[in-house]
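Which chain is which? The protein sequence lines are Z and L, in order.
Residues 152 to 469, numbered by this note's numbering, are exactly what the first sequence covers, in order.
Residues 352 to 673, numbered by this note's numbering, are exactly what the second sequence covers, in order.
Since the hints were derived computationally from the structure, they do not count as laboratory data.
Some hints here could point you the wrong way.
[Said to hold, decoys possible] Below, simulated DMTMM-like cross-link-like pairs (lysine to aspartate or glutamate); rule was C-alpha separation at most 25 Å, straight line:
#1 Z:Lys179 <-> Z:Glu362
#2 Z:Lys373 <-> L:Asp556
#3 Z:Lys179 <-> L:Glu646
#4 Z:Lys236 <-> L:Asp556
#5 Z:Lys373 <-> L:Asp495
#6 Z:Lys373 <-> Z:Glu304
#7 L:Lys582 <-> Z:Glu448
#8 L:Lys582 <-> Z:Asp327
#9 Z:Lys373 <-> L:Glu646
#10 Z:Lys373 <-> L:Glu569
#11 L:Lys582 <-> Z:Glu441
#12 Z:Lys236 <-> L:Asp495
#13 Z:Lys373 <-> Z:Asp431
#14 L:Lys633 <-> Z:Asp327
In this text the structure is predicted, and so the values were computed from the model without any measurement.
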Amino acid sequence: MANEVEIVGLERRFGSFVAVNGISLEVKQGEVFGFIGPNGAGKSTTIRMLCGILPPTAGSGSVAGFDIRTQAERIKQHIGYMSQKFSLYDDLTVEENLTFFSGIYRIPSAVRKARMDWAVAMAGLEAHRSALTRTLAGGWKQRLALGCAVLHEPRIVFLDEPTAGVDPLSRRRFWDLIYDLAGRGVTVFVTTHYMDEAEYCDRIGLVYRGELIALGSPNELKTGVMREAVLEVACARPQDALEVAERCTSVREAALFGAGLHAVAADASRATAELRAALDAAGCTVSRIEPITPSLEDVFVSLIEAHDRAAADKEAAA
Amino acid sequence: MDVHTAGQCADALVETVALTRRFGARAAVNNLSFAVGRGEIFGIVGPDGSGKTTALRLLAAILDPTSGSARVAGHDTVREAEQVKARIGYMSQRFGLYSDLTVAENLDFYADLYNVPRAGRAPAVERLLRFSGLVPFTGRFAGDLSGGMKQKLGLACTLIHTPEVLLLDEPTNGVDPVSRRDFWRMICQLVRERVTIVVTTSYLDEAERCTRVGLMHEGGLLACGTPGEVKGLLHGAVLELRCAGPRAAAAALRPRLEHSSINVFGDGIHIVTDEPAGVEEKVRGILDAAGIRTERVRRIEPGLEDVFVALLAPETGARHGE
Chain Z
152 MANEVEIVGL
162 ERRFGSFVAV
172 NGISLEVKQG
182 EVFGFIGPNG
192 AGKSTTIRML
202 CGILPPTAGS
212 GSVAGFDIRT
222 QAERIKQHIG
232 YMSQKFSLYD
242 DLTVEENLTF
252 FSGIYRIPSA
262 VRKARMDWAV
272 AMAGLEAHRS
282 ALTRTLAGGW
292 KQRLALGCAV
302 LHEPRIVFLD
312 EPTAGVDPLS
322 RRRFWDLIYD
332 LAGRGVTVFV
342 TTHYMDEAEY
352 CDRIGLVYRG
362 ELIALGSPNE
372 LKTGVMREAV
382 LEVACARPQD
392 ALEVAERCTS
402 VREAALFGAG
412 LHAVAADASR
422 ATAELRAALD
432 AAGCTVSRIE
442 PITPSLEDVF
452 VSLIEAHDRA
462 AADKEAAA
Chain L
352 MDVHTAGQCA
362 DALVETVALT
372 RRFGARAAVN
382 NLSFAVGRGE
392 IFGIVGPDGS
402 GKTTALRLLA
412 AILDPTSGSA
422 RVAGHDTVRE
432 AEQVKARIGY
442 MSQRFGLYSD
452 LTVAENLDFY
462 ADLYNVPRAG
472 RAPAVERLLR
482 FSGLVPFTGR
492 FAGDLSGGMK
502 QKLGLACTLI
512 HTPEVLLLDE
522 PTNGVDPVSR
532 RDFWRMICQL
542 VRERVTIVVT
552 TSYLDEAERC
562 TRVGLMHEGG
572 LLACGTPGEV
582 KGLLHGAVLE
592 LRCAGPRAAA
602 AALRPRLEHS
612 SINVFGDGIH
622 IVTDEPAGVE
632 EKVRGILDAA
642 GIRTERVRRI
652 EPGLEDVFVA
662 LLAPETGARH
672 GE
């Protein structure tokens, strides 16, 4: 299948600051690609380059088959963009917002009505066409913003942190819409720092300090890249158990988790034995210790902390 | 414990009885009863507009109930509001940091607000700076901090008078994963010091970290218990399916699997079903017929999100988001 996004060694400097540092990746047509990372990692700068708004200082790339350096204007006709702030006009009605965006995207009047009807139906806003946008609940606004962003039938849609502050049910429904779009061949490139959202993507790239530090499907990342194991510990008096667990030399980190603990360790079997002995001795009777599949957040935090430790070592050596 | 009504605790630091708050005709908080014991992390999860923030403001004694009552840190939130305020830390969604004051000045300002004696204040501030990892940023203006660091400073300011009960309203909203992890490390530390915490969140992975969770809907609790107990409320089982082309597979399965809810999770599918035994064979059959190769079907522990969606979807009807 064709690659809708292809970048090689993409770099963007602002003065001496390297915001994006040699990122290479490909996104296939119809793929839902998640671009994940902390604030300031370079997610938005990368998106701005992909949208043809900001030229790279090195590297190359194409979006929808057009070169991001030389064909920026062509790219803009084929992409949709939805930001965290939704860019809707609060004091316009649903209908008026759609009309406004139809104008911005220069949708021919012959097809305008059909496109607007389609967007209204997709967002499930049939009964709310004349409602003021500000009166809509977060989930509705989010779907309206997506409708506005795809009115002109773009080949790729960029969603920049689209779900901040939207509740779980609405999020689930929003993702059903995204899958619908992807099913029709639209490529979806989404940035987020919410891990539950990352779980919904076909593939994820983790970006940190301008570098791509992991790339793969959620399942690959959860089972393949974390060098440490996560142990779930069910025991009595978890608050006291936490202190005991932190004193175990084979445990790098322990945290309260529900009615038990999660412990991160390089050597799972050694840590299991040490934890069991120490907790039982302290009266925090252990009922179960077992390795669990780490969450994406476990994986990312572990990769990022390993990256930081490596950087600190390098600095110390220099 | 009855997971539907939240139960009572012997050493309750927060206790509400039929707590209700109306705004006009609408009951933002409706007949809410629950108790939180010392050193517990109680998580309130629920959709936007379900009453989480109003509930927290009632507990913080900054809003009076229309009926019912709440006791927090041993005092009634209406009759003894001042005693309550002196013993709690409340971090609202728009916590008031002064962006043109430095980190240290913000802490000092909150120490003044809470009448923390000047004597002994310096070591307390020092301890909070260390606790929140803000020592290197002591002289930085709060306005120049990242979102995650602002939240950590907000929490530190909330702790300046060593409250017994901490009320946190969506404290990690918009915070990146690393800062979020740091924030939860701080919460863990506080629990160890036997601080009692009530925290609202719309993120269910955070709810998993809580000692107990309450699922809030239309002002009341739809369910309440340890994460394990709440997951036990899910009728049936969750199957995880891995196959080539999960979205096509979901489309093929939906019309043919009645009484099951099918949700795509990126590269997998979750099937919530009442009869897990028969379903696996049926799934394989449907996918074979559709020419989709099944890699694996296995029963998994439901996540809180599965439970949440299963409990709330019938309540909100076919259309979500209202």
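Honestly, which of those hints from before does the structure not fit? 5, 6, 10 and 13
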